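Per numbering that gives the first Met the number 0: the sequence shown ends with 207, consecutive numbering throughout.
Possibly wrong hints are sitting among the right ones.
[What the hints assert, rightly or not] Now the in silico label distances, taken between C-beta atoms and shown as ranges:
hint, residue 1, residue 2, range
1, L157, D75, 20 to 26 angstroms
2, V58, D168, 33 to 39 angstroms
3, V114, S158, 23 to 29 angstroms
4, N57, V124, 19 to 25 angstroms
5, T173, D75, 32 to 38 angstroms
6, Y25, S158, 55 to 61 angstroms
7, G131, Q153, 31 to 37 angstroms
8, I11, V124, 41 to 47 angstroms
9, P99, A154, 21 to 27 angstroms
10, R3, L60, 58 to 64 angstroms
[What the hints assert, rightly or not] Taking lysine-lysine and the DSS-like style, the derived pairs with C-alpha atoms no more than 27 angstroms apart in a straight line are:
hint, residue 1, residue 2
11, K85, K45
12, K164, K107
13, K184, K164
By construction, these hints were calculated from the structure, which means they are not laboratory data.
As the structure is a computational prediction, the values presented were derived from the model and not from experiment.
Virtual Cβ for every residue (Gly too), placed ideally from N, Cα, C.
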Amino acid sequence: MQYRQIIITTIILLLFAMMGTLMVAYTFEQTRDQIAANERATLLRKLHRLIAPEQHDNVLLEDAVSVRDEALLGSDEPVMVYRARKNGEPVALVIAAIAPDGYSGSIKLLVGINVDGTLSGVRVVTHRETPGLGDAIDEIRSDWIHVFDGKSLQAPDLSRWSVKKDGGDFDQLTGATITPRAVVKAARNALLYYRDHQEALFAPTASD
0 MQYRQIIITT IILLLFAMMG TLMVAYTFEQ TRDQIAANER ATLLRKLHRL IAPEQHDNVL
60 LEDAVSVRDE ALLGSDEPVM VYRARKNGEP VALVIAAIAP DGYSGSIKLL VGINVDGTLS
120 GVRVVTHRET PGLGDAIDEI RSDWIHVFDG KSLQAPDLSR WSVKKDGGDF DQLTGATITP
180 RAVVKAARNA LLYYRDHQEA LFAPTASD
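Please model the complete structure; the sequences and the hints are all you need to start from.
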């Protein structure tokens with residue numbers, strides 16, 4: 000009798016587990032398209048913080064290529080580049096670069112670069128930096144990230160692309176140097192990558 004009760008209980012538990020799994024799978028399937036649409040909309044809003052909608056007439060999320068350069072873009076995996084054009088002419092692009100040497104790990108960035116090689120801006124996408132210190136790189140925490148607006152490899156001079164503690168022109172954060180150092184380096188490296196690959200970055204894709 001006891002053995003039979005154990006079997007019945009096990010079967011009931013298995014049925015509940017199967018029902019739970021099916022419900023989760025159904026919910027995921029029903030919401031997958033909406034989640035993807037929300038993610039695209041969020042990314043587009045972030046891109047438009049760096050390239051205003053009126054600056055281009057193409058679809059940024061569709062005019063994109065993946066590139067790879069671990070030394071300059073911070074990852075051995077491909078990163079995305081979103082290109083802005085108006086009347087078919089290059090206007091700007093955004094590189095999804097990574098600062099691999101943040102204080103608490105990698106910092107994912109969007110680096111906006113105008114066609115003339117000046118920065119339209121830099122924005123932090125994700126990070127795990129220390130609250131109250133390193134997290135000031137995030138635009139919602141402070142204005143520090145705007146120090147990159149309008150900068151280029153000529154202004155300041157390439158040799159000055161570091162934080163002031165290292166002899167450069169960029170402010171570090173109060174109580175935090177490693178985090179801004181990593182972001183400054185990543186922004187500089189993105190500009191170097193753009194300088195060396197500008198023509199290829201704006202080249203039409205096979206589907207264009």
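Going down the list of hints, with the structure as the test:
Checking the proposed 20 to 26 angstroms range against L157 and D75 shows it holds: the Cβ atoms sit about 25 angstroms from each other. The hint said 33 to 39 angstroms for the Cβ distance between V58 and D168, and at roughly 36 angstroms that hint holds. Checked against the hint of 23 to 29 angstroms, the pair V114 and S158 passes, with Cβ atoms roughly 24 angstroms apart. Under the hint 19 to 25 angstroms, the C-beta atoms of N57 and V124, about 22 angstroms apart, fit the expected range.
Taking the beta carbon of each, T173 and D75 are about 33 angstroms apart, inside 32 to 38 angstroms as hinted. Between Y25 and S158 the beta carbons are some 59 angstroms apart, a value that agrees with the proposed interval 55 to 61 angstroms. Remark: the range hint 31 to 37 angstroms for G131 to Q153 is upheld by a beta-carbon distance near 35 angstroms. With their beta carbons about 46 angstroms apart, I11 and V124 fall inside the hinted range of 41 to 47 angstroms.
Checked against the hint of 21 to 27 angstroms, the pair P99 and A154 passes, with Cβ atoms roughly 26 angstroms apart. Our hint of 58 to 64 angstroms for R3 and L60 holds, since their Cβ atoms are close to 59 angstroms apart. Distance hint between K85 and K45 is fulfilled; the C-alpha atoms sit about 19 angstroms from each other, no more than 27 angstroms. For the given pair, K164 sits about 23 angstroms from K107 by alpha-carbon distance, which is consistent with the 27 angstroms threshold.
Simply put, K184 and K164 have alpha-carbon atoms about 14 angstroms apart, close enough for the 27 angstroms limit, and the pair holds.
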